[in-house]
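Q: Chain by chain, the residues run as shown.
Protein chains: 2
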Amino acid sequence: MSQKMMLLSATLSSGYGVQGQAWRAPENDTRNLTDVEVQVKLAQTAERGKFAFLFAPDFPGARGDMENQAPASTLDPIVTLSVLAHETTRVGFIATGSTTYNEPYNLARQFKALDVLSRGRMGWNAVTTSDPIAVANYGEQVRPRAERYERAHEMITIVQALWGSWGEDAWVGDVDTGQFLDMDQIQPINLGGKHIASRGPLVIPPSEQGQPVVASAGGGEYGLGLAGRYASVAVGSSTYDFATTRQEREMYRSAAHQAGRDADELKYFTGFMPIMGSTVEEAIRRRMQMDEHLAPQRVPMLGQMLGLSLDASRADQPLSGPQLESARANPADPRSSRALEIAYQGWTPREILAHGVIDYAPSPVGPPEAIADYLQDAFEAGIADGFWLQQATYAIADDFVDEVVPILQKRGLYHRDYQGSTLREHLGVPRQYGQDPRVS
Amino acid sequence: MSQKMMLLSATLSSGYGVQGQAWRAPENDTRNLTDVEVQVKLAQTAERGKFAFLFAPDFPGARGDMENQAPASTLDPIVTLSVLAHETTRVGFIATGSTTYNEPYNLARQFKALDVLSRGRMGWNAVTTSDPIAVANYGEQVRPRAERYERAHEMITIVQALWGSWGEDAWVGDVDTGQFLDMDQIQPINLGGKHIASRGPLVIPPSEQGQPVVASAGGGEYGLGLAGRYASVAVGSSTYDFATTRQEREMYRSAAHQAGRDADELKYFTGFMPIMGSTVEEAIRRRMQMDEHLAPQRVPMLGQMLGLSLDASRADQPLSGPQLESARANPADPRSSRALEIAYQGWTPREILAHGVIDYAPSPVGPPEAIADYLQDAFEAGIADGFWLQQATYAIADDFVDEVVPILQKRGLYHRDYQGSTLREHLGVPRQYGQDPRVS
Ligand SMILES: Cc1cc2nc3c(=O)[nH]c(=O)nc-3n(C[C@H](O)[C@H](O)[C@H](O)COP(=O)(O)O)c2cc1C
Ligand SMILES: Cc1cc2nc3c(=O)[nH]c(=O)nc-3n(C[C@H](O)[C@H](O)[C@H](O)COP(=O)(O)O)c2cc1C
Numbered sequence: 000m001s002q003k004m005m006l007l008s009a010t011l012s013s014g015y016g017v018q019g020q021a022w023r024a025p026e027n028d029t030r031n032l033t034d035v036e037v038q039v040k041l042a043q044t045a046e047r048g049k050f051a052f053l054f055a056p057d058f059p060g061a062r063g064d065m066e067n068q069a070p071a072s073t074l075d076p077i078v079t080l081s082v083l084a085h086e087t088t089r090v091g092f093i094a095t096g097s098t099t100y101n102e103p104y105n106l107a108r109q110f111k112a113l114d115v116l117s118r119g120r121m122g123w124n125a126v127t128t129s130d131p132i133a134v135a136n137y138g139e140q141v142r143p144r145a146e147r148y149e150r151a152h153e154m155i156t157i158v159q160a161l162w163g164s165w166g167e168d169a170w171v172g173d174v175d176t177g178q179f180l181d182m183d184q185i186q187p188i189n190l191g192g193k194h195i196a197s198r199g200p201l202v203i204p205p206s207e208q209g210q211p212v213v214a215s216a217g218g219g220e221y222g223l224g225l226a227g228r229y230a231s232v233a234v235g236s237s238t239y240d241f242a243t244t245r246q247e248r249e250m251y252r253s254a255a256h257q258a259g260r261d262a263d264e265l266k267y268f269t270g271f272m273p274i275m276g277s278t279v280e281e282a283i284r285r286r287m288q289m290d291e292h293l294a295p296q297r298v299p300m301l302g303q304m305l306g307l308s309l310d311a312s313r314a315d316q317p318l319s320g321p322q323l324e325s326a327r328a329n330p331a332d333p334r335s336s337r338a339l340e341i342a343y344q345g346w347t348p349r350e351i352l353a354h355g356v357i358d359y360a361p362s363p364v365g366p367p368e369a370i371a372d373y374l375q376d377a378f379e380a381g382i383a384d385g386f387w388l389q390q391a392t393y394a395i396a397d398d399f400v401d402e403v404v405p406i407l408q409k410r411g412l413y414h415r416d417y418q419g420s421t422l423r424e425h426l427g428v429p430r431q432y433g434q435d436p437r438v439s
Numbered sequence: 000m001s002q003k004m005m006l007l008s009a010t011l012s013s014g015y016g017v018q019g020q021a022w023r024a025p026e027n028d029t030r031n032l033t034d035v036e037v038q039v040k041l042a043q044t045a046e047r048g049k050f051a052f053l054f055a056p057d058f059p060g061a062r063g064d065m066e067n068q069a070p071a072s073t074l075d076p077i078v079t080l081s082v083l084a085h086e087t088t089r090v091g092f093i094a095t096g097s098t099t100y101n102e103p104y105n106l107a108r109q110f111k112a113l114d115v116l117s118r119g120r121m122g123w124n125a126v127t128t129s130d131p132i133a134v135a136n137y138g139e140q141v142r143p144r145a146e147r148y149e150r151a152h153e154m155i156t157i158v159q160a161l162w163g164s165w166g167e168d169a170w171v172g173d174v175d176t177g178q179f180l181d182m183d184q185i186q187p188i189n190l191g192g193k194h195i196a197s198r199g200p201l202v203i204p205p206s207e208q209g210q211p212v213v214a215s216a217g218g219g220e221y222g223l224g225l226a227g228r229y230a231s232v233a234v235g236s237s238t239y240d241f242a243t244t245r246q247e248r249e250m251y252r253s254a255a256h257q258a259g260r261d262a263d264e265l266k267y268f269t270g271f272m273p274i275m276g277s278t279v280e281e282a283i284r285r286r287m288q289m290d291e292h293l294a295p296q297r298v299p300m301l302g303q304m305l306g307l308s309l310d311a312s313r314a315d316q317p318l319s320g321p322q323l324e325s326a327r328a329n330p331a332d333p334r335s336s337r338a339l340e341i342a343y344q345g346w347t348p349r350e351i352l353a354h355g356v357i358d359y360a361p362s363p364v365g366p367p368e369a370i371a372d373y374l375q376d377a378f379e380a381g382i383a384d385g386f387w388l389q390q391a392t393y394a395i396a397d398d399f400v401d402e403v404v405p406i407l408q409k410r411g412l413y414h415r416d417y418q419g420s421t422l423r424e425h426l427g428v429p430r431q432y433g434q435d436p437r438v439s
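Line order of the protein sequences matches chains A and B.
Counting from 0, one number per residue, gives the positions in the first sequence under numbering that gives the first Met the number 0.
Counting from 0, one number per residue, gives the positions in the second sequence under numbering that gives the first Met the number 0.
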């Protein structure tokens, strides 16, 4: 029990998977976008796998290749998670919410209501929203980074103060005396900054974990400042080798330390996108099926990674000797060296791509043991406290939970059951109510 | 079937009832505020009663006598209704949302996501938020009425345009061709006014009723202008006699007509607060139990209504002959003449109050037949299209559904089952998608 174990999480997206054409995969119904039962099933799978949380990235806007790819986010994170919280009992949830395009009172209220509904299983991924497509939906142009993060600090401060504005023992509810609340313990916060203000109090009692966990994603100098001060979860950026990832984790840890906290209070998660099958060949074949239609865009991208001119008409021919000889890993793309390594093994461009070499996260390939080996190596190399499963298609979550999780458990790397009932307990981070007195 | 029947709705509050001390009633657990199952049960009761919708008033703030009374609103309407939508199949929901303290994109997204989740059962009660306690939670002071309503028009226009920005047949989802959306049918709205703007589109497909219904409450010149243009439901203000209520209904109907719509597209609901028992005496006794602790405040209020000086020490003595002789109905309070009438019958002040004479809506008293008689008279007098049950305590919704509804059905005044599955069908109002082309 005292041995440190890895944590796991998975992605809540629009109901298909993080691969933009997953909606065409045979196991997905094309109408999953509006079928909340698909999300309920994912949450139950994550719970069966004793995952710490489902992570719901969110962009309030229509971006990317909308003609051919399903939207990336759920219809609305608060609406979807309200249902999932009600249909599960243990798994946690981290939903993304903008610090720039929400009123602190509204955001504080919805997240704390969800925290109470879920009995202490909610987290808030606080993002500043810098995508021009998203900000246009609020009639704006992208605000300068410094301004966005200044507001983000105000926002988190006010939200946490509102969360703490109903004192932990304020709820008397004495039928005989008729006292419902001890109003000495429910006081206005009267907080305001340059951008936003709120008087409070917020009339929502504490949840089983006190208040929602704060999470942060994205890094950068400003992002680290935010995460170091307030976050219990940091979701790492797209990194592909152990050294870079471990370095990012260290940056987060020292940001927490600099803010006056214990570095262990900030759990760092890094992404992975497993490609599973009973053998490497089968795993590749399954992924090729799903990626079937992506060759026209992706084969030329692979060419750029290898310094070769490639197009989709050559997708199924192994690279020639002269091609392999002149191939060079593109130093500007951290995924290139792995692509080159796989090319040397003699695969065709389509097969190389099916190894996930242009996925947004490292993609271990093969049978369950191979996936478990990757996670074991990564965890033992100290690159992360937890791993964030980005399932190309939702079905991979089931495969992973049913086939990889038992191996990790057998190896003593992963818990056999939840030890507590709240997200804070799952993460092993301290209870917090209101603002953190150590952080100014 | 072709005979016009009344519609019914009930109140979704914080889990006890609209009487502020309902949390002390023996049938309520003092912790109902955080127990969503209580709300689920109410929704199922309303559905058993074939109600058109549950109505969730909402004030984003802590107001009133918080020490002794439970909060009036649910923890958060979107969070609560997401669960209720998932746990029911027919009953509709109308949630209150501020036109002043929300971004149109956020509000449009959450309500349409809920409309999709509920398969077309959502409505939005658009309010401008003028309570100083609520607006202080947004760091503001109350805005002038003209400004609030100018913004409200912009808000509803933009929200409805966003709702319609995903064309009704835009969702192709053709696995073979790989086309997910027909982007010709999904276009930015590029709408902006003096206060707010949004580019869009909103990436949520139509629900079974197209998009949520708009509702309006509160009246006044400005409120009528809003309701006439956009609303399918108007919830009337506190009126106590048939003539006044019918007049308010007519004002709403002519506002709709003036906006270029058919007056029948705007359904007017008026409130009622039944006090039920197998006899009048038992009904009064039950209500007295619940109001037990209110005498100190309410007996003097009754005195003011009757032009008498009364205090709680006299709560249980019938009014004396001289008192009855000098009593006069206070012309400034429309509830006074009924209070006087009941006083003449010889009841004590506490008993007069237990007739609901200072409730916020007319309060018929007695056995189920008496409640049904009241609704029949009111409906046949043409005062409303529907009645909004304000249950003093949640349990009254069960009593009403199990005992009064069957009488109304037997009398042919109320439907025996839902005819359709959407809120628009329940109300008998036309489908709408995007903005109403008749309204400018
Ligand atoms: C793993 C990860 C997840 C992210 N999730 C979101 C998200 O859900 N929504 C969002 O608007 N931005 C998201 N971001 C973007 C970051 O919040 C941040 O805006 C971005 O890294 C750009 O940095 P900047 O804000 O310093 O310009 C994510 C970033 C990373 C690395
Ligand atoms: C039946 C009814 C229900 C109402 N519900 C709400 C509500 O839930 N939230 C709110 O802020 N105001 C509510 N109001 C207040 C009105 O929206 C409106 O603000 C009020 O009548 C004052 O009018 P004004 O906006 O013209 O100043 C309600 C009013 C009535 C009559």
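These are calculated hints, taken from the structure and not from any lab test.
Hints should not be assumed to be uniformly reliable.
Restricting the straight-line Cα-Cα distance to at most 27 Å, the calculated cross-link-like pairs of lysine-lysine (DSS-like) are [claimed, not checked]: (1) K193/B / K193/A; (2) K3/B / K49/B; (3) K193/B / K40/A; (4) K409/A / K3/A; (5) K409/B / K40/B; (6) K409/A / K49/A.
Q: May I ask which of the numbered hints given earlier this structure violates, with the numbers listed in increasing order?
A: 3
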